[in-house]
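*Asks:* Line by line, the protein sequences are chains B and U. For the first sequence, position 152 matches number 152 in this note's numbering, and the numbering has no gaps at all. For the second sequence, position 153 matches number 449 in this note's numbering, and the numbering has no gaps at all.
Derived from the structure by calculation, the hints contain no laboratory data. None of the values given here were measured: they were computed from a predicted structure. Some hints here could point you the wrong way.
Claimed, not checked - Here are the simulated distance ranges between beta carbons: (1) B/P104 / U/V489: 46 to 54 Å; (2) U/A316 / B/H160: 40 to 48 Å; (3) U/A316 / B/F50: 29 to 37 Å; (4) B/P77 / U/W483: 50 to 58 Å; (5) U/W483 / B/I189: 52 to 60 Å; (6) U/R370 / B/L89: 51 to 59 Å; (7) B/V193 / U/A316: 23 to 31 Å; (8) U/G362 / B/I150: 34 to 42 Å; (9) U/R345 / B/A247: 31 to 39 Å; (10) U/K436 / B/L59: 51 to 59 Å.
C-beta atoms are modelled at their ideal positions from N, C-alpha and C, and glycine is treated no differently.
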Amino acid sequence: MKPQAKRSSRNRETWVALACLAPATLLLAAVFLYPIASTILDSFSHVSPFGGRSNVGTLDNWRAVFSNAVFTHGVLPRTILWTVGVVSLTIILSLPAAILLHAPFRGRKWARTAMLLPWAVPLPISAIVWRFILDGQIGTLNAVLAKVGIIGPVWLAEAHTALPMMILVGIWASIPFTTVTLLAGLQNIGTDVNEAAALDGAVGFRRFRYVTLPLLRPVLNVAIVLNTVYVFNSFPIIWVLTQGGPAESTDTLITYLYKTYLRFNLPGPAQAMGVVSFFVLLAFAMTYLRLTEREQ
Amino acid sequence: MTAKRSHRSSSLPGIARGLALAVALLFMLAPFAVMLLTAVKPEGEVATRPLLPDHWAFGNLFSAWGSALPVYFRNSAILAVGATLLNLALALPAAYALARMRVPGAKLWRHALLATQMFSPIVVVVSLHHLAAMAGLTDKIAALILVNAAYSMAFAVWLLTAYLAAVPEDMEEAARIDGCSRLSAAWRVVLPVARPGVVTTVVFVFIAAWNEFVVALTLISSDANRPLTVGLYGFASAYAPQWNLLMAASLWAILPVVLLFAAIEGSLAEGLTAGAVK
């Protein structure tokens with residue numbers, strides 16, 4: 001083939017490739033890029049309930065959001081507590097779960113499927129069941145407690161019992177993905193490394209601490225970053241269990257944003273909260289990209 | 297041999313392991329047990345019999361259909377099938393290009409894609425609402441199809457690219473030498489070999505769309521267009537929910553995704569960690 005012809009066939013391939021990518025790119029631009037740009041612009045404008053924009057360049061929304069003590073002293077610290085609480089406890093519980101499921105035993109396949117099952121079930125529906133379990137009058141938890149003579153509280157009626165229960169359900173929902181990710185990591189380590197470590201006398205906890213854990217580190221990092229994002233973004237658990245209530249005592253940034261828009265009818269401030277959330281997520285996305293890049 | 301023995305003696309005793317596993321499974325499966333047992337209780341026993349019912353009311357499983365459940369079910373099916381088809385139609389060519397062709401800016405595309413995976417529609421829910429209004433798509437299932445297809449794009453393209461890239465290029469070239477066009481070689485040779493990846497993608501996108509909540513809650517205003525998640529949430533938010541019928545409806549609502557999940561459980565674990573774990 002002449003160099004000329006070769007170049008033109010390469011050119012042609014580039015066009016075909018771009019044509020293949022164009023439809024997906026268009027959809028992503030419409031559903032991601034446009035709304036993000038619009039959210040940022042709205043946060044600096046007066047926004048009508050129907051999306052009309054005026055007074056572009058104003059800081060009123062930002063002032064409203066950050067002069068609101070419910071947001072700065074309640075919602076923001078609670079969002080951190082919720083995210084850190086769920087993620088750290090999920091990791092602490094999933095690591096031993098993954099190790100247990102990694103060891104061979106009869107029925108391991110079934111145990112693994114059962115462990116992953118909650119991932120497949122719609123979260124709002126699981127959350128409905130949890131709301132029933134935690135119901136103060138007819139809930140399963142209090143009925144079981146009553147059998148051993150304990151009168152349980154109305155769990156979801158007050159923040160100091162509702163928040164721990166929300167975190168518990170959050171952990172329940174996060175364990176499947178985390179366990180499966182860690183399990184995949186354990187399986188990648190392979191048996192030869194463990195055998196070599198055992199020959200060197202590294203056993204039990206020492207082997208876990210000095211051989212398994214360092215090798216698992218990259219997967220663990222990924223699990224932590226992805227979980228942080230998922231838990232930060234989480235809406236259904238909180239919304240179904242308490243709707244952020246009573247009052248705003250169990251709201252996180254995400255539910256408070258939703259409430260500010262659809263219940264308080266304040267699209268402008270809601271958009272400012274959207275921008276805050278967006279930059280939080282962007283920071284985590286960068287961290288995630290750096291982690292996966294380092295892996296490759 | 298010594299290595300093996302020391303390995304065994306160092307591990308936790310079998311009973312402790314078994315116990316830990318049992319507690320873990322009890323916690324993970326408890327909500328499903330409650331759902332199942334409450335669904336088959338007569339109304340009078342919901343509050344008084346926390347575990348097993350005195351009288352089994354299997355009829356609840358059928359009476360649950362007397363509500364708006366069939367409507368919600370149909371809407372969820374349209375939404376999930378629509379999102380899956382749209383996603384696949386856009387993701388397959390994109391993945392093929394990334395796996396097989398020199399794409400200018402391929403790295404940027406991959407990064408942008410990965411970043412969308414970290415994103416949640418709730419962050420831009422106000423803008424999505426306004427956008428849907430502009431496009432005349434408020435209260436339309438079509439809007440949910442578009443958003444769900446987009447939010448599953450990263451996963452689909454990522455997984456499909458991996459599977460398509462694993463198909464030996466020789467196979468495709470052989471087909472082309474035999475006179476196939478590029479398109480028909482891709483369709484007749486590459487796609488069948490990459491089928492496990494396509495199946496996993498289809499199931500994943502379907503499950504994600506079936507389970508979606510916040511976009512549907514925001515964009516759908518009339519009861520007739522609600523998918524199951526929003527519809528059942530409506531039941532649960534009623535002043536005094538009929539918990540036994542609600543649990544029966546929930547059982548039906550989760551059945552399709554549980555069956556799909558069981559069918560591809562093995563490869564799903566692989567897919568979930570695609571990009572994260574190599």
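*Asks:* Going back to the hint list, which numbers does this structure go against?
*Replies:* 1, 2, 3, 5, 6, 10
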